[in-house]
Structures are given as C-alpha cells and as structure tokens.
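Going line by line, the protein sequences match chains A and B.
Heads up: the first sequence begins at 6 in our numbering, then just goes up one per residue.
Heads up: the second sequence begins at 16 in our numbering, then just goes up one per residue.
Derived from the structure by calculation, the hints contain no laboratory data.
Worth double-checking, as some hints may not be accurate.
[As the list claims (entries may be wrong)] Which residues of chain A face chain B? A partial, calculated answer using Cβ under 8 Å:
hint: 1; residue: H51
hint: 2; residue: S85
hint: 3; residue: N87
hint: 4; residue: Q97
hint: 5; residue: I143
hint: 6; residue: P181
hint: 7; residue: L246
hint: 8; residue: K278
hint: 9; residue: R319
Only a predicted model underlies this, so the values are computations on that prediction, with no experimental measurement involved.
Virtual Cβ for every residue (Gly too), placed ideally from N, Cα, C.
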Amino acid sequence: MRILKENKIKRWASILLPALLAAFSDGPLAAYELNLGTNLPPVDFHGFVSQGFLYSSKYDYLGDSSRGSFLFSEAGLNASFNPFPRTRIAAQAFSYDVGPAGDYDVVLDYAQAEYTFNDFVGIRAGRIRRPEGIYNDIQDVDLARTWILLPQGMYNARWRDFYVNLDGGEIFGNIPLVKAGSLSYEFYYGLQNPKLDGGLSLQKANLPPYSPLTSINSPQLGGGQLWWNTPLDGLRAGVALNYDRDLTFVTANGRQSDGSPFTQHYSLEYLWKSWTFQAEYLRFKINYENTGGGPPPSTKLIEPDSWYVSAAYRFNKYIEAGTYYTEYYADVNNRSGTGLQFPSDASQKDAALSLRYDATDWWIFKVEAHYIRGTAQLLDNADNPSRNDDGWWMIAVKTTFSF
Amino acid sequence: MNNFYLKIGLVCVALLAGAWPAAALDGVVIIVNKSVAADRINDAALKDIYTGRTTYWADGQSVKLTVLDNQITDKTDAASEEVSGMDASHFKTFWQRMVFSGRGQMPKEIGDTAALVAYVASTKGAIAIVLADADLKGVKTLKVK
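Could you build all of it, start to finish, from the sequences and the hints given here?
Shown next as structure tokens:
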C-alpha cells in the first residue's frame, strides 16, 4: 500500500514538474526561456510528458499487458545555456515506468559541460548520453519518432539504466570529406550506471538459473559512433562499437558472473521527401565466467542479435504512418531454441504498424499494432508460465505533451 | 548483370562527385545579427548550421538558429528544406533529437516575418532565412557563395 502511494506521488511529481514550467512558458507549451539578466545568457527549458497504454492478446509483455497496462509513462525536463564562448552546459531530469522497470524514479539523465574547439572537434564531460545507432540516445523521447515501441531487440525499454548514459567524457566532431559528404564521430569512455532492479536483473530472474541480482558493479565502457553523412541529402550510414570492461554481478543464489560485453551496431537511414527509411543490425557478445553459489565454475557464451527494417511516411503536418519488421534472437548459436524448455524463448519476431497524429505542435497521439511470434523478450515467467511459437497481438496507444 | 553493376557504379561515382542536383535559394535571403563578423557564407557552411554540425561562429559566439513557425511561406519552407536537406517534419524531429539527447539547442521559432527579423536584430549570433522583400531593418544579409 505504501509502495503504491509512493509510486503515485512519484508519478504525479514527474508529470506536474514539466507541466508547471510549461504553464509559465511563452505561449501554448512553447520552450521556456529564462532570462537571468542583461549580461547573462538565457537558460532554455524543454520538457515532455508521455502516457501510454499496452494491451496484448496472449502474454504479459512490458507489464501486465494481457489485462491492459497503463504503467507506460515517461517525463523529462531539460535546461541548457551557453555561459561562455564555445561552451554549453546542459542537464536533464527523467522519470519513466514500463511495467516492472523504471518505477517513476526521477534520475539525472544527463548533466554535462561541453566545449567546442571548432567544427572538427569538441569535448563533453559529465553524465552524457551514449550514442549508439539511430535511437539509443533518444530512445525514451516519444515525440522524436513515428513508433511507440522501438524494435525491442535493439532498444529494449527496460534496459535504459544500462544503455542510455554513462559518467565520463567524449570527444566529438564533424570532418568534411570534400565531395564525399562528411564524417561525424563521437568517442566516449566512462562508467555505466546499471541498477539492481533494472533490465539485467529482470533478465537474470527470468532465465536459467532464475535468480535476480543482489549486487552489480559500474563497469567501464568505451566505444564510439561514426556516421558517414553521404553527399546524397538525407542518406547516412553508421557503425557503433563498444566494449564493457569487467561487468560483474552476483545473483541471489550466490553465483558471481564476470564478463566483458562487446557490441556491434550498424545503421542505415535515408530521409527522402516525406519518407523515412531505416535499417539496423545489432550483435552483442559476452563470455561469462561463473563462480560460487554451489555449482562448479563454468563459462557461458551469450550472443544475441537483432535487426529491423522500417519505412514511415508523413502525409501532412498532422498525420504520419509507418511500419517495421524486426527479429531478435537470444543466441545466434541456437536460433531455433533447441534444448530450451520453451523453444519459442529463442526468438521474437515483430511486425508493427503505427499511426501518429500531431494534434498541435505540442500534443501528439499514436496508436500502434504489433503481430508477434516468439517469446524471447517477455522476461516475465511468473505471468507467462507456458509459452509457444503461436502468433499474438499487442496494441499500444500513447499521447505526449512537449514544450 | 554487368549492366546492373555498371549502373550502381555510376550512381556511386555521381554521389562522390557531388553531382546530386541542388536548387538555388530563390526569393529569400540569409539574415544575421550584426554581431556576426561574416559577410558571406557558402552552401556547405550554411548546411552545417542547419544540421547542427556548426554551433558557433568563428569568434566563438553561439549560433542562434531562428526559423519561421509553421512554415509561413512556401519560399522560406523550400529554402529551409534545401539548405538542411530535410523537409519541415524531419527538420523538427532532427532538432528534437538533438535537444533531448543533450547535443544541441532547439532553433527559436517565431510566428511572423517581422517578429523574426526583430529577433535576429536583437539577438547576438542569430541567423534566419526570410523573404527577400521583407523589411530587413537592423539586420545584416549574408551573401551565399
């Protein structure tokens, strides 16, 4: 009861804070610009609040969706300003909930200082967003995309604590390639901020030996994102590579796992007139060394991968529609699920159809249908005790206010 | 089969040669605040500003990109699309991504041309595209090379 009450308070606080600022903004949910004085630069505020609903025909996925779940919310509030030449400071508070993850905790999403030497090179330090692929650094910003649910094999909404940001620094810039477009780069290094109740814990609790985390370190993460902005307007190709050094966690049964995950992420995006075409491929590899907790020491290689292709079309200022198809495999070495208790846990294939309606510049509605086969990403064995490869539906609805 | 690869090769050569067609900025001008030292700008530099790759002028002051809200004129809309390489929807989404990932500041949206010119005139580092026949009092125009 107390937890329910705390959740309600957190939820309303995360919604009311951006709403209050919006109420004081210049016009209907326009960005709020705070002037600090004639000799000081103004501070820009932006924010958003999203509320969604998930319903699935068969399994509980991303919450209690088989009964219909409203535990699908996000809110963010950011501020930025330029205190000195070539210098910018920016920070964002963020809160979210998707089923068992997030829990409306308000977190410092990013808080960074940035100095840009010139177009070719700049540095950014503090808590920074991690660039990876088209969506990783904006995966919780509903207004900046067509879809409600991004392809979950690549941008899992429950893993944001582990994936979205890091404490450290990066070097970034853009190198012109004369007639061949330009090359944008970001190389980063720092510490991650995984949570005990985050996506990794959820996964461990729902995969053999079914034991949630009791401790986890903040592993070092290094990597980079390169984008080739081709001479053809709107066409870019990207590659992101990153390496976690010494991820260590202990599960409730006393088993300690150590590993160093390596991720490859390849992206292609083409914006042509009112069309958006995207395709991405992700591969993740970690070789765990497991010790303690009773069983003899062992090693286990885990190598999931995922891909998707998508197309979206903007009909006019108000209406946009899109579709994507994505596949996720929990282990590239066992795509058929041989030997698993439920072979359907080896993969998840999802065909999605989305419709977005921009009622105003600051208020959008979305509705989305998913036809899914496979159960690899349910991560909720308690509510899904029996699983098979039959197809099932999920419907998502979401509205977002922004300023 | 050989023809297929030949066509692919020709397209790639055309891309690398920068041969993709580009229209002119007809009927519009680029205006900046008088604090901006530059008198002219080339296509590539303009594009870098509209796509967030250039965020500071040469003297270090911040580029304040300013746009007309809701694409009030076809000409400024077309010019913005041509300069950025993105239509209005993609342009807006692109900058939302920049802002909420902490990588940029949202372009200032202004409701009408007169107000936009006034904002550029009063804001250090500001830049905008306006109709060539607008009243450009208090601002400087950049020649596009």
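We went through each hint and held it up to the structure:
Annotation: H51 of chain A was flagged as interfacial toward chain B, and the flag holds, the nearest CB pair being 5 Å apart, inside 8 Å. Here the hint on S85 of chain A is kept, as its CB sits about 6 Å from the closest CB of chain B, short of 8 Å. Checking N87 of chain A against chain B by beta carbon gives a least distance of about 5 Å; that is within 8 Å, so the hint holds. Residue-level restraint check for Q97 of chain A holds (minimum Cβ-Cβ distance to chain B is 6 Å; threshold 8 Å).
The beta carbon of I143 of chain A comes within 5 Å of a beta carbon in chain B, closer than 8 Å, and the hint placing it at the interface holds. Satisfaction of the interface hint for P181 of chain A is found here, the shortest Cβ-Cβ separation to chain B being roughly 7 Å, below the 8 Å cut-off. A cut of 8 Å between beta carbons decides the hint on L246 of chain A: the least distance to chain B is about 19 Å, and the hint is violated. Interface hint at K278 of chain A: satisfied, since its Cβ lies 6 Å from the closest Cβ of chain B, which is below the 8 Å cut-off.
Because the smallest distance between the Cβ of R319 of chain A and any Cβ of chain B comes to about 5 Å, under 8 Å, the interface hint for this residue holds.
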